[in-house]
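**Q** Next come the chains, spelled out residue by residue.
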Amino acid sequence: MKYLLEVKNLQTHFFTEDGIVPAVDGVDFELEPGQTLGIVGESGCGKSVTSVSILRLVPNPPGRIVGGEILFEGKDLVKATESEMQSIRGNDIAMIFQEPMTSLNPVFTIGKQISEAIMLHQKLDKKAAKERCVQMLKLVGIPRAEQAVDEYPHQFSGGMRQRAMIAMALSCNPKLLIADEPTTALDVTIQAQIIELMKDLKEKLNTAIMLITHDLGVVAEMADHVIVMYAGRVVEEADVIDLFKDPKHPYTIGLMKSKPSLDGNAKRLDVIPGAVPNPLAMPKGCAFHPRCSHAMDICKEKMPELNKFGDNRKIRCWLHEKEGGEK
Amino acid sequence: MIKEKGQINENQEENLATSSKVESPWTIVGRRLRKNKLAMIGLVVITILSLAAIFAPFITGIPRDITNLANTNAPPSSEHLLGTDSLGRDMLTRLAYGGRISLTVGFVSTSLRILIGVILGGIAGYYGKGIDNVIMRIADIFSCLPFLPIAITFVAVLGPSIYNIMIVLAILGWPGIARIVRAEILSLREREFMEAATALGIGDFKKIVSHLIPNTMASIIVSATTGIASAILTESALSFLGLGVAPPTPTWGNMMYDAQSQYVLKNRWWQWVPPGIIIFLAVISLNLLGDGLRDALDPRLKQ
Chain A
1 MKYLLEVKNL
11 QTHFFTEDGI
21 VPAVDGVDFE
31 LEPGQTLGIV
41 GESGCGKSVT
51 SVSILRLVPN
61 PPGRIVGGEI
71 LFEGKDLVKA
81 TESEMQSIRG
91 NDIAMIFQEP
101 MTSLNPVFTI
111 GKQISEAIML
121 HQKLDKKAAK
131 ERCVQMLKLV
141 GIPRAEQAVD
151 EYPHQFSGGM
161 RQRAMIAMAL
171 SCNPKLLIAD
181 EPTTALDVTI
191 QAQIIELMKD
201 LKEKLNTAIM
211 LITHDLGVVA
221 EMADHVIVMY
231 AGRVVEEADV
241 IDLFKDPKHP
251 YTIGLMKSKP
261 SLDGNAKRLD
271 VIPGAVPNPL
281 AMPKGCAFHP
291 RCSHAMDICK
301 EKMPELNKFG
311 DNRKIRCWLH
321 EKEGGEK
Chain B
1 MIKEKGQINE
11 NQEENLATSS
21 KVESPWTIVG
31 RRLRKNKLAM
41 IGLVVITILS
51 LAAIFAPFIT
61 GIPRDITNLA
71 NTNAPPSSEH
81 LLGTDSLGRD
91 MLTRLAYGGR
101 ISLTVGFVST
111 SLRILIGVIL
121 GGIAGYYGKG
131 IDNVIMRIAD
141 IFSCLPFLPI
151 AITFVAVLGP
161 SIYNIMIVLA
171 ILGWPGIARI
181 VRAEILSLRE
191 REFMEAATAL
201 GIGDFKKIVS
211 HLIPNTMASI
221 IVSATTGIAS
231 AILTESALSF
241 LGLGVAPPTP
251 TWGNMMYDAQ
261 SQYVLKNRWW
271 QWVPPGIIIF
281 LAVISLNLLG
291 DGLRDALDPR
301 LKQ
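Order-wise, the sequence lines are chains A and B. Numbering follows full-length UniProt numbering, with no gaps: position 184 of the first sequence is 184. Numbering follows full-length UniProt numbering, with no gaps: position 170 of the second sequence is 170.
Isolated chain B (complex conformation) (with noise of 0.2 Å):
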């Protein structure tokens, strides 16, 4: 009897302690984006890439640079799944190898040129008038500069490198971001609630870093995301130039390019078809993921 008693006090205190359990942000966040199936199937499949590419020296035991000029071009079989390259080299090995470069430019370019553009336009889309006027002018001239001859300028001063790749890319890229983040801020910071902000004596800084920019956190995000996947595309371009990763280092982009002839395209598919689908795979993810945190992220959406 006591024993059922005090069976039944425990269920009531679960039933009550569920009705009455508050989620945290963070939670409904990530169960939003959970209900999302293409939203996961991207993440499911960035993750994947990105431990191929963490993990890469354990996928074939393979070493990355190590030529085999007795077994080129030779098409995928037990030993080799993807094949070898025109040098002999572990394609399959390659792929992984090349994420780390890929995914590592396309991230980190990405988060630079959000600071840059969040910044300036933050600042611009807040103070308007001449501030406005000399940011967004800045803005213009860098975004009418040619991307190639300029970056070719650059990397020909400072050397080409991994690191002077991303920081081209984000001086290049920040206007972008920089307008989107503006004419939201443009109209956000009209709405009541700001002008309530300014009557609790909050200040500028703090109205424009924790009212304004999170309002603007949805753009941002789908922006960035985008962004991840062109960075990754403007990489393979730069470096087949020879202007971003030298051989042998091998980015999915470089070696795309590898294979380039009519005579590899025809017979050596296994040459370029892997790394395309690799990056096609790697841009639709992280659009998918993108438009799933958007959604996921906006409290707007009552669920």
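Just chain A, with the same shape it has in the complex (with noise of 0.2 Å):
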């Protein structure tokens, strides 16, 4: 088995009182051990929706898996039970959430929450599990560990928040991380620290971290292999290398020019014009076509598939369909 992680064909659709919103429609995807896979893309492209299905954490209703596989280890996920899902949630798989201010219950310490989780999957006792409470705060960096475990979270500050909420993620030894814009909420020193942080530890521990952000210079920083989404679906994949050497697909070249350089000369950004096309209404082809510069025909009438090019790269456009895609 040489994936940890492997997503095959992933549906998560919302059914609302205006219709089927597709926001996950055929997601693929593979993560090996210790591997960290940047998932990018514009607000509501399917980020989160691919990172909470993969949790079953899918808000029911409206939403729902509707097709596909996640096969963790082996195991599909979208065919398990609570229970069991209750077991591999927090153990094998954590999660660390985008509002670090909001993700922590109010009336507990530090130490309480985390040592939840602790005592809920490696069985410790309450003494053995506060030991490792602190060993886990010290880890990611939070100074007097020992008092701040007895600190309720309003006394941290957002960074601190952050730390805790990343110590209480990684508390368990899981074998995937799943941060879901990790540093977004915070101001841009803490981002620095947050993400040396889970560089490090990524080392120490050998966790396989997704890590979904629409931050390019997070993902240059952190990840080995990058997937950018678009309305539902994998555009391209890439390792990270090449997707910011060569960047193939339109839409990619899209954000990459939208992204400020240092060495470049003063003139206005490019921005890729129009927005995400309302799910509920898709056009009809591939779903860029609208804001494609580089649009043909075919565009408009049939969606490219997801072809093969070269090594480590897949791409879903009909420019590359003639020049080296091999179906």
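Hint data in this document are derived by calculation from the structure and do not stem from the laboratory. Where a beta carbon is used, it is the ideal one built from N, C-alpha and C, also for glycine. Hints are not guaranteed to be accurate.
[As the list claims (entries may be wrong)] Not everything, but these chain B residues come out facing chain A in the computed CB check (under 7 Å):
| hint | residue |
| --- | --- |
| 1 | P57 |
| 2 | T60 |
| 3 | E192 |
| 4 | A196 |
| 5 | A199 |
| 6 | L200 |
| 7 | G203 |
| 8 | F205 |
| 9 | H211 |
| 10 | P214 |
| 11 | S219 |
These two chains come separately, so use the hints to put the complex back together.
**A** Here's what the structure looks like:
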């Protein structure tokens, strides 16, 4: 078994009053143990829904996983029972949430919240759990960890809370850590610290990380492999260096152009014209064609396949279908 | 020299110990409560009333039910500090004994009410949908039952006793607490920390009991303290109707109803003013204490 996590044709749809919203519509990717996978894309492209689908935390109703497989160590999580999921959540797969300010229960001490998961999954007693908790807080660089375990979330700053969340997520040595925009709510200096911390911890604990973000800088810094998503589908998949050096899909090119660079002239940044299409009324053919400067007739007719392109690369675009794509 | 040095070290250690000392949550609550003067007054009054009830036999040394027909309706004197009632029984003694029943009924019936209300409200709020509908409609039914007819029927079937009063108060009173708990849990369960708890693999039962209910504690405590006060009042009403505690056992409520004629109101103040004041004191102290506790227990109030 080569892969830790294998997602095959995942489809998560939301059944709203106005119609079916295919938030994730056929996503495939693989993740090796110890690898970091970046998932990037605009708001609303299905990044977060993909991540909550893996933990089966999609709010139901209205959302539901309607198709596909999520193989974690060979076991299909889509078909797992709720109690099986409970023993996987927090233990094998842990998640760091976007909002450190609100993701901690305000009425409990930090220590109590972290040791709850430890006691549940590692079957440690209270005292051992607390020791482990102090150890974890030290690991994520919280000063005076022995006292901090007895403090309440409101006594922590934003960066400390995010560290505490990371400590909580890593406390049971998960094999996979899903980080859903872990740095978005933090200021830039703290962002850098948190990224350093995650890189550091990954090396120490050999945890695979699924990093969901719209910050290309964070991806370049951390990820080994990157998936670019658009309108619920993967449009490009590549190793991080290839992607940044030579983006292929027009959407990826657009994303790269819209990020400021230090050495460029002080021009206005390029933008991708238009906005993400309304998920209730997806355009026919390739979802990106109304915003694409290279759109051809075929783009309006048929959705391209996600084709292999070289060794570690996949692209979903008609432009590259002819060039070197192999079916 | 050496001694001096040792002393300095000791001082330093002491400083270190105080600066790095972590207060346990309960010390913090205690400290905050002590800062709140009104709450402390409430606590002191309730403690005094409870102690008086517990040590009732020793307060005057006069037996509770011994009548003295030669000395009825006597005004306060050195022998009977609060005078005597229409049967010549000592008012102060009966007041102290009365606290036993009134306070017990208040505390026990409110605890029962909270137990039922929190369990059902928690389940309704957490699971929502059908379960919520069923529980809350039952709560609606219970809260639109007229209190007295139901209480009268209940006690008539089971017989008048202090225990049946507690049960009636709890059964008819839980919907209020259930609604408060349900409403809070409905909004709390959508919060991110609950999603985070799910992502840690924590089960439903633990999520309700150890994550959601502690978050609703502040409202429960406030509702409980006012609940104790109203239970004390309801008990007196039921006792008056002959459905509660039968004479000669005194309660604060039935002592007031003992003295209800115009003549008594005008001429024998010692028969109705003291029980009235005690009920007033108990109710207001409980409310002040409840308020103080709510503020002290709320960790979001930074101090």
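**Q** For each hint, tell me whether it holds in the structure or not.
**A** Evaluated hints:
1. P57: With a closest approach of 43 Å, the P57 of chain B hint is violated.
2. T60: It is violated, given that the least Cβ distance between T60 of chain B and chain A is near 46 Å, above 7 Å.
3. E192: holds, 4 Å
4. A196: Because about 4 Å separates A196 of chain B from the closest Cβ in chain A, which is inside the 7 Å limit, the hint holds.
5. A199: holds, 4 Å
6. L200: holds, 4 Å
7. G203: Cβ of G203 of chain B sits 6 Å from chain A, so the hint holds.
8. F205: At 11 Å from the nearest chain A Cβ, F205 of chain B fails the 7 Å test, so the hint is violated.
9. H211: holds, 6 Å
10. P214: Result: holds, 5 Å to nearest chain A Cβ.
11. S219: Hint on S219 of chain B: violated, closest Cβ of chain A at ~13 Å, above 7 Å.
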